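Enquirer: The lines below spell out each chain.
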Amino acid sequence: MTPNSLPASAPAPVQPVAQPANQPAAHGACATCVHARHDALRRLGVRAEAADFVVALLGNPNTGKSTVFNALTGLRQHVGNWPGKTVSRAEGAFETDGKKYRIVDLPGCYSLCSSSHHEEIARDFILFGGPDVTVVVVDATRLERNLVIVLQTLEITGRVVVALNLMDEAKRRGLSVDARALSRRLGIPVVPMAARHGKGIDDLLAAIVSVATGAYETNPHRVHYGNGRLTARLEPIMRQLEQLFPGLPNTRWVALRLLDKDHSMIQAVREGTLGNIEAMTARVMPRLDTDALQDDQPALVPEERS
Amino acid sequence: MQPLIQTENPTPVGATTLDRLALHQAGRILALGLEGAERRRLLDLGFVPGARIEVELENPLGNPRAFRVLGGVVALRTEQAARITIALENPAS
Amino acid sequence: MSTTIGAPGGNHEAPDLLGMVESARDGYGDALADDAMEAYYAEANKITSEVVDAQGRHQGLSFDRRLDRILTSRIWGFPAMILLLWGVLWLTVAGANVPSAMLATLTMEHGYNLLHAAANFLGAPGWLSGFLIDGVYLGAAWVFSVMLPPMAIFFPLFTMLEDFGYLPRVAFNLDRLFHKAGAHGKQALSMMMGLGCNAAGIVSTRIIDSPRERLIAILTNNFSICNGRWPTLILIGTIFLGALAPAGLGSLVAATSVVATCLLGVAFTFLVSAVLSRTVLRGETSTFSLELPPYRPPRIMQTLYTSLIDRTLLVLWRALIMAAPAGGIIWLISNITVADQSIAAHLIAFLSPAGWLLGLNGVILLAYVVAIPANEIIIPTILMLTLTIAIKDPSLAGMAQAGVMTEFADGNLVRRILTAGGWTTLTGINLMLFCLLHNPCSTTILTIWKETRSAKWTALATLLPLLLGIAVCATIAALVRLTS
Ligand SMILES: Nc1nc2c(ncn2[C@@H]2O[C@H](COP(=O)(O)OP(=O)(O)OP(=O)(O)O)[C@@H](O)[C@H]2O)c(=O)[nH]1
Ligand SMILES: [Mg+2]
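Going line by line, the protein sequences match chains A, B and C. Those letters in the first sequence? Residues 226 to 531, per this note's numbering, in order. Those letters in the second sequence? Residues 5 to 97, per this note's numbering, in order. Those letters in the third sequence? Residues -12 to 471, per this note's numbering, in order.
Here chain A stands alone, though its shape is the one from the complex (with noise of 0.2 Å):
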């Protein structure tokens, strides 16, 4: 597969707006569209039951999660020029066409491979929490460093959008990216915004929708590792995997998380749970279900403490 090629059958996709965010929206077919829905758009707050889909917020520390969280909740959830700010799972909910919407904003990684506790909550989220649409919020600044993390997630999920966000301050800096040829080479939608000056708000409300009801079809870039010793190493991991789980999706990830040692892969494998979404969700269920600050730590035991 090419993943220069969007799928012809995809009805009307909304295509991302290339310009830069800090210029107005493009006149045209998609910019109508875009304007019907902000006008549906209902920030539900904290009001996050009974939704008909999950989002996610991923990315970066630091790119602007908590600033877009706002701004589609109408929640005040703590925005600070740091990386670090955001330390538990915060959620929200957004109505739009009829449909409501719940939006997780997560603590800020740099890659979904660490183990920092506070990453490690955002990792598992993307992976048993089942999002229908994981929103990549990426600095346009740093992109390269920031597109390890869109690529990771593109292992795991297909139904991402990138928020390429900082538009204004890529401007300033001389960069300019091109968000129609990203999108193009990454087979999803990417949104060029600019959150903290409510720029490109609307686009990405449009590209969650229609990530999210199939309306969009993506066509996920997926790295090639080449051929030399890793992949010779994976390839029978992945036949191992494929027999002992049938139907598992992602094998490749799976392979390549417990080659590095993942804990809560290999204990997945232990219990035979590996790929069963619902035992797997049951299980870290009670850590995303509860209130962050109460439940999603566990007890630190340093080894004083014996």
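Hints listed in this document are in silico derivations from the structure and should not be mistaken for laboratory results. Since the structure is predicted, the reported quantities are computational estimates derived from the model, not experimental observations. Here a beta-carbon is modelled for each residue, glycine too, at the ideal position from N, C-alpha and C. Take these hints with a grain of salt, some might be off.
[What the hints assert, rightly or not] Computed far set for chain A versus chain C, every beta-carbon distance over 10 Å: (1) 265; (2) 267; (3) 270; (4) 277; (5) 307; (6) 308; (7) 320; (8) 341; (9) 349; (10) 383; (11) 394; (12) 439; (13) 440; (14) 444; (15) 480; (16) 488.
[Claimed, not checked] Reference listing, derived: stretches of chain B covered by chain C, where coverage requires no fewer than 3 residues with Cβ under 8 Å from a Cβ of chain C: (17) 22 to 35; (18) 38 to 52.
Take the given structure of chain A and dock chains B and C with the ligands to it, following the hints.
Expert: Chains B and C with the ligands in isolation, oriented as in the chain A frame:
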């Protein structure tokens, strides 16, 4: 279009470690001499072999220092910087 | 998604798979996962080179660079931190006076008189109007007028520094000192969050990965003066130290005394961290990596608006749920008489020797007991108790009832009340120290327990600052008495 990181290295004048670079001196990362979680953390932050790196800031006590790498500015302690091997950038370029 | 995947009830073939993974790692270890990381970066690099036009990629950085070179410089790095803290506090001290006076007039003169007139008109019995108006209402009104103005100034200013991006620079500057104390540089961030609220500071320690260093950060967070304590320091600093300065310099001296207390808290943070990391929390130091974001212009109007709305609502809410009941309790213990004396008088008499030893007095200690739920109500409690119990001067004793509180804001009345209650400069200074060094509020204690799930660490975090406070205050009191 110009890539943010040139993939081919300019002729390295010599290999050294990141802690020995002077303030504002630049180089290219050759290797990370760290293991496990620490190695993963540095890779996450953009300390990847091949990337251009520049000593951006020194704190009032001289340690930690902050480095500009992959468009970001990241602070590391000297002990960590000492584990990162650098090829000095050709001063002419 | 199919739910039939996965073998039910454990998996006997799992060891094969895990063994296979183990042997695949043989000889390579982490290098295999590195290969994947390299593949991601190579791809990211390729894509970036295709979609980013980086013609002027260093443009627009010169401001950040220049500013950073000042704010982290050998000469200016530390002075800049102190100067910014001092500036924020001076603006708070100088700016809070007038609004405090206005709120006091509004609540304690107009509101108070109106309520009493209404009570008289309705023919309410004296004990009822006393309990509700002189107790519950006055407690809430004191909190509102003493606490709200300083917080409404301090918070927007602090938030603007945070939005600007100064906080990670402080962590960068201080890391060496934290490292020497066996702690983590990101503790500077949780310490600064603690300047707003210690409970928030405790939660923010999650950014520290090492459990050992995180516990150090949790145990020392209470040395950051929180929003419930700033106004106490500001008020006492103003009326006991600011008043000693020549006219016009009062607010400068007051701000300096508050900054000094805050810096003393930072010194205790380092000291106690160092002691902990060499005793109960010994262990390896971890690594430090922190991204320094670009400076971003703070949005002044929005910050003002949200801080004001958020803070006002919060203060009002806390005033209602904490101060109102406390006001009621104070009225009750001051007015219920047992064996010729009110309960409050008995308690104060009982606590007085200990208070004397600490260079404080029985009223202050009783106030700290009543105020365990929230630090905000310390000053109001002290003033209400002093007015009703400790003052023998009839012209002042009548005041709480008469509701003549309008002189309050220039500090003169509070000063008169407290001096009449037997306060000296030593009492003022020791109260400031005790305000810095005492047990955390109930919310913070609960948060520490939630984050650590350990009774032992929660108890240590609670008692450690209290014992330090007792030791420091007693030492100073003894020294002053010996030398004078
Ligand atoms: N200039 C500019 N600043 C932005 C934009 N979006 C967010 N910011 C600022 O970036 C900083 C970080 O924003 P947050 O929303 O807290 O970022 P976050 O991703 O939630 O950060 P963490 O919780 O630490 O992971 C804040 O100072 C925001 O005001 C934008 O589009 N343009
Ligand atoms: Mg956030």
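Enquirer: Does each hint fit the structure? Answer for all of them.
Expert: Now for the hints, and whether the structure bears them out:
1. 265: 26 Å, holds
2. 267: 21 Å, holds
3. 270: 15 Å, holds
4. 277: 17 Å, holds
5. 307: The assertion about residue 307 of chain A is violated, with a minimum of 5 Å to chain C.
6. 308: Incorrect as stated: the minimum Cβ-Cβ distance to chain C is 5 Å, not above 10 Å.
7. 320: At about 24 Å from chain C, residue 320 of chain A clears the 10 Å cut-off, so the statement holds.
8. 341: 5 Å, violated
9. 349: 15 Å, holds
10. 383: 13 Å, holds
11. 394: Violated: least Cβ distance 7 Å, not greater than 10 Å.
12. 439: Holds, because the least Cβ-Cβ distance between residue 439 of chain A and chain C comes to about 15 Å, which exceeds 10 Å.
13. 440: Answer for residue 440 of chain A: holds, closest chain C Cβ roughly 21 Å.
14. 444: For residue 444 of chain A, whose nearest Cβ neighbour in chain C is about 15 Å away, the distance exceeds 10 Å, so it holds.
15. 480: The claim is violated: residue 480 of chain A sits with its nearest Cβ about 8 Å from chain C, within 10 Å.
16. 488: 12 Å, holds
17. 22 to 35: It is violated, with 0 qualifying residues against the three required.
18. 38 to 52: holds (count 10)
Checked against the numbered hints given earlier, this structure breaks hints 5, 6, 8, 11, 15 and 17; the rest are met.
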